[in-house]
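My request is simple: use the sequences and hints to build the entire structure.
Sequence lines, in order, name chains A and B. Mapping of the first sequence onto our numbering: residues 9 to 396, in sequence order. Mapping of the second sequence onto our numbering: residues 9 to 396, in sequence order.
Don't take each hint at face value.
[Said to hold, decoys possible] Within a straight-line C-alpha distance of at most 27 Å, the following computed DSS-like cross-link-like pairs (lysine-lysine) qualify:
1. Lys309(A) <-> Lys265(A)
2. Lys158(B) <-> Lys142(A)
3. Lys186(A) <-> Lys114(B)
4. Lys77(B) <-> Lys186(A)
5. Lys142(A) <-> Lys37(A)
[Said to hold, decoys possible] A partial selection of chain B residues facing chain A, derived with a Cβ cut-off under 8 Å:
6. Ile23
7. Met250
8. Val295
9. Gln297
10. Glu357
If you're looking for bench data, these hints aren't it; they were derived computationally from the structure. A virtual CB, placed ideally from N, CA and C, is assigned to each residue, including glycine.
2 protein chains.
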Amino acid sequence: MDIQKQIYKLTEIGIALAEERNLDKLLDKILRETRLFTGAEAGTLYIRDKDHLVFAVIQNDALGSRCQKITQNLRGQQLSISSSSMAGYVARTGRILNIEDVYQIKEGSEYHFNPEFDKKEGYRSQSMLIVPMKDAQGNILGVLQLINAKKENEVIPFDSSKEMLVLSLASQAAIALKNAQLTKKLKEVYLDTIYRLSIAAEYRDSDTGAHVRRMSHYSAVIAKHLGFSEEEVENILYASPMHDVGKIAIPDRILQKPGKLTKEEFEEMKKHTLIGAEILGNSDSKVLQLSEKIALSHHEKMDGSGYPYGLKGEQIPLEARIVAVADVFDALTSPRCYKPPFPVPKALEIIKEESGAHFDPRCVEAFLKGLEEILEIKKKYQELENEK
Amino acid sequence: MDIQKQIYKLTEIGIALAEERNLDKLLDKILRETRLFTGAEAGTLYIRDKDHLVFAVIQNDALGSRCQKITQNLRGQQLSISSSSMAGYVARTGRILNIEDVYQIKEGSEYHFNPEFDKKEGYRSQSMLIVPMKDAQGNILGVLQLINAKKENEVIPFDSSKEMLVLSLASQAAIALKNAQLTKKLKEVYLDTIYRLSIAAEYRDSDTGAHVRRMSHYSAVIAKHLGFSEEEVENILYASPMHDVGKIAIPDRILQKPGKLTKEEFEEMKKHTLIGAEILGNSDSKVLQLSEKIALSHHEKMDGSGYPYGLKGEQIPLEARIVAVADVFDALTSPRCYKPPFPVPKALEIIKEESGAHFDPRCVEAFLKGLEEILEIKKKYQELENEK
Chain A
9 MDIQKQIYKL TEIGIALAEE RNLDKLLDKI LRETRLFTGA EAGTLYIRDK
59 DHLVFAVIQN DALGSRCQKI TQNLRGQQLS ISSSSMAGYV ARTGRILNIE
109 DVYQIKEGSE YHFNPEFDKK EGYRSQSMLI VPMKDAQGNI LGVLQLINAK
159 KENEVIPFDS SKEMLVLSLA SQAAIALKNA QLTKKLKEVY LDTIYRLSIA
209 AEYRDSDTGA HVRRMSHYSA VIAKHLGFSE EEVENILYAS PMHDVGKIAI
259 PDRILQKPGK LTKEEFEEMK KHTLIGAEIL GNSDSKVLQL SEKIALSHHE
309 KMDGSGYPYG LKGEQIPLEA RIVAVADVFD ALTSPRCYKP PFPVPKALEI
359 IKEESGAHFD PRCVEAFLKG LEEILEIKKK YQELENEK
Chain B
9 MDIQKQIYKL TEIGIALAEE RNLDKLLDKI LRETRLFTGA EAGTLYIRDK
59 DHLVFAVIQN DALGSRCQKI TQNLRGQQLS ISSSSMAGYV ARTGRILNIE
109 DVYQIKEGSE YHFNPEFDKK EGYRSQSMLI VPMKDAQGNI LGVLQLINAK
159 KENEVIPFDS SKEMLVLSLA SQAAIALKNA QLTKKLKEVY LDTIYRLSIA
209 AEYRDSDTGA HVRRMSHYSA VIAKHLGFSE EEVENILYAS PMHDVGKIAI
259 PDRILQKPGK LTKEEFEEMK KHTLIGAEIL GNSDSKVLQL SEKIALSHHE
309 KMDGSGYPYG LKGEQIPLEA RIVAVADVFD ALTSPRCYKP PFPVPKALEI
359 IKEESGAHFD PRCVEAFLKG LEEILEIKKK YQELENEK
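Following this line, the structure appears as structure tokens:
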């Protein structure tokens with residue numbers, strides 16, 4: 009490949025990396041693309057976390073499908089930034105290491121090869137190219153370790169003329185990583201804020217904060233099993249916690265009444281759907297537009313007996329039909345001042361019974377498909393609750 | 009410059025671009041860096057908005073400081089994606105145009121040069137290199153128009169061997185642009201959501217939604233004039249709208265009482281600071297940590313006469329001291345059920361009088377420095393209010 013072609017290839021890879029905003033996919037892609045570029049059979053990607061390196065991805069064509077498991081086991085394990093490992097040495101010094109055979113590193117060298125992985129997995133590491141992932145300020149955000157360059161089934165040394173190109177690529181990868189991390193952080197903060205404020209809006213109600221967290225994750229699971237795209241699932245996760253913000257406008261005497269509501273009081277209570285839609289309405293944002301729909305219609309029922317408009321079937325936005333199942337399931341399985349929590353089988357029975365009447369049968373089906381995930385979510389937030 | 013050096017330069021520029029997340033700065037940087045790379049005296053950057061190109065930045069060393077004004081005037085103006093302009097032709101076809109002299113373009117050519125700008129500004133465009141900004145999928149996100157390559161004060165044609173490098177750079181710029189736009193969008197959605205939910209939390213109160221919007225922008229202005237960094241100012245903008253979420257837990261009979269509160273009722277009312285801090289507390293997010301501080305301490309006073317803890321001076325977090333000024337100024341200049349809005353001079357008088365007693369003198373000073381901006385914000389949201 010001539011130098012011009014290499015540049016185009018390099019830019020192409022850089023662009024593909026820069027566009028990937030899903031952090032896990034990005035990490036995988038960075039390692040895969042740099043391996044392809046250098047012809048490496050295997051490789052490891054480490055990310056810097058303060059004064060440590062953390063295993064992020066391991067790829068090894070010789071080990072095949074075992075790699076995923078190895079990655080899972082090693083993921084999150086730490087390596088100190090010091091000469092005790094080669095990656096640690098690169099992270100400490102910012103230098104590139106290009107070694108013909110790691111088992112031939114001389115004693116007294118500034119860095120050391122640790123043969124533990126080879127022994128355990130029955131692999132033979134030989135040539136290695138290890139480069140730092142630097143940002144524009146020269147900060148080292150991670151380390152790329154490329155193992156065993158191959159040519160016609162022979163392990164050969166890494167081409168030293170490619171070192172600088174790999175370093176460039178690693179730096180582009182570093183920025184992509186930084187951007188993906190920033191986006192992830194932004195989204196986490198966004199969701200955390202939605203939860204806090206939605207809980208605030210439900211503070212006067214009997215609900216605990218865990219309700220909005222649980223029901224939003226349940227809704228996301230149902231959406232996923234209905235075949236929604238990743239982005240649509242995420243939007244439901246963000247939009248659904250706000251479904252009851254309209255309750256804010258319901259007077260204490262109704263919202264906190266211990267007994268049954270009178271007809272007039274219930275009419276007042278129903279308005280929380282309309283008020284919620286008003287608070288969330290007229291936004292340019294997809295998430296808020298969706299939250300408006302959900303707030304307005306999450307009490308509609310398939311048979312037209314719901315409120316505020318008595319919409320039927322497909323007239324009700326699908327996302328509101330999803331949230332209806334998630335919301336009711338959580339209400340059934342949670343304690344309320346007027347009832348203990350129902351056991352899951354009892355709650356499932358009620359949900360199934362109401363399929364076609366209260367609930368959209370497709371949503372109930374998707375809910376049942378995702379039941380295992382839903383019970384995991386329930387368990388997780390139960391534990392969080394108990395920890396308090 | 010040899011090809012190796014050019015590659016490094018290219019990657020360096022790409023990385024610098026990818027790191028810039030402020031959209032305005034990024035656009036400026038993209039044009040500046042590509043001009044430097046090609047030796048162009050002038051240039052224009054267009055961004056695609058659906059089926060149009062929109063002027064984003066104009067740079068022209070020959071026109072000097074007039075450029076900023078020209079950019080301001082042209083900014084947002086549209087160009088159709090068609091052969092009626094050269095940039096439009098490039099956006100339509102995705103081709104690179106490298107023209108020695110735009111006044112020599114033959115009649116019957118597929119694209120046309122529009123001499124209007126030259127006439128108006130007394131400039132002579134001659135050589136031009138126009139490249140599309142493509143993402144990894146080949147979508148055209150913008151067009152870079154580089155004008156008059158210079159060598160020793162002579163206009164020369166653009167070096168055709170550099171075309172592909174400039175195209176690479178333009179593509180890297182395209183991704184950086186996409187990322188910056190996405191981040192901007194995410195932040196806008198975040199802020200919009202905070203406003204909606206904070207308004208919800210204050211729904212039972214007499215406040216209109218515009219209060220949280222105004223006071224958060226006032227707080228940001230004060231922070232800016234205190235020398236806070238851009239990020240810190242942004243954090244205050246996001247955190248301050250949530251200052252009163254704790255009011256959610258205050259019963260209707262106190263929150264909505266028309267007359268003066270009894271001592272016991274006021275003690276109850278004061279708890280909104282503690283409850284707000286509880287709702288927002290224990291988060292990993294900087295914005296929420298800041299909002300917790302502000303919720304807790306925005307009713308403290310410099311002389312120790314505030315609540316909930318009667319903190320004095322520097323004991324009160326600076327951000328809470330900022331919000332205190334912004335919050336009170338907005339309350340003074342807004343109508344309440346028990347008072348008409350005070351005119352601005354009267355409100356300023358009160359704020360100044362309370363400097364050192366209620367308010368931190370440094371915050372009052374910063375507030376007065378930013379008064380012009382603050383009154384603009386006030387006017388803007390006044391108008392939004394009236395439109396409803």
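Comparing the hints with the structure gives:
no.	hint	verdict
1	Lys309(A) <-> Lys265(A)	holds, 25 Å
2	Lys158(B) <-> Lys142(A)	violated, 34 Å
3	Lys186(A) <-> Lys114(B)	violated, 48 Å
4	Lys77(B) <-> Lys186(A)	violated, 35 Å
5	Lys142(A) <-> Lys37(A)	holds, 17 Å
6	Ile23	holds, 5 Å
7	Met250	holds, 7 Å
8	Val295	holds, 6 Å
9	Gln297	violated, 10 Å
10	Glu357	violated, 35 Å
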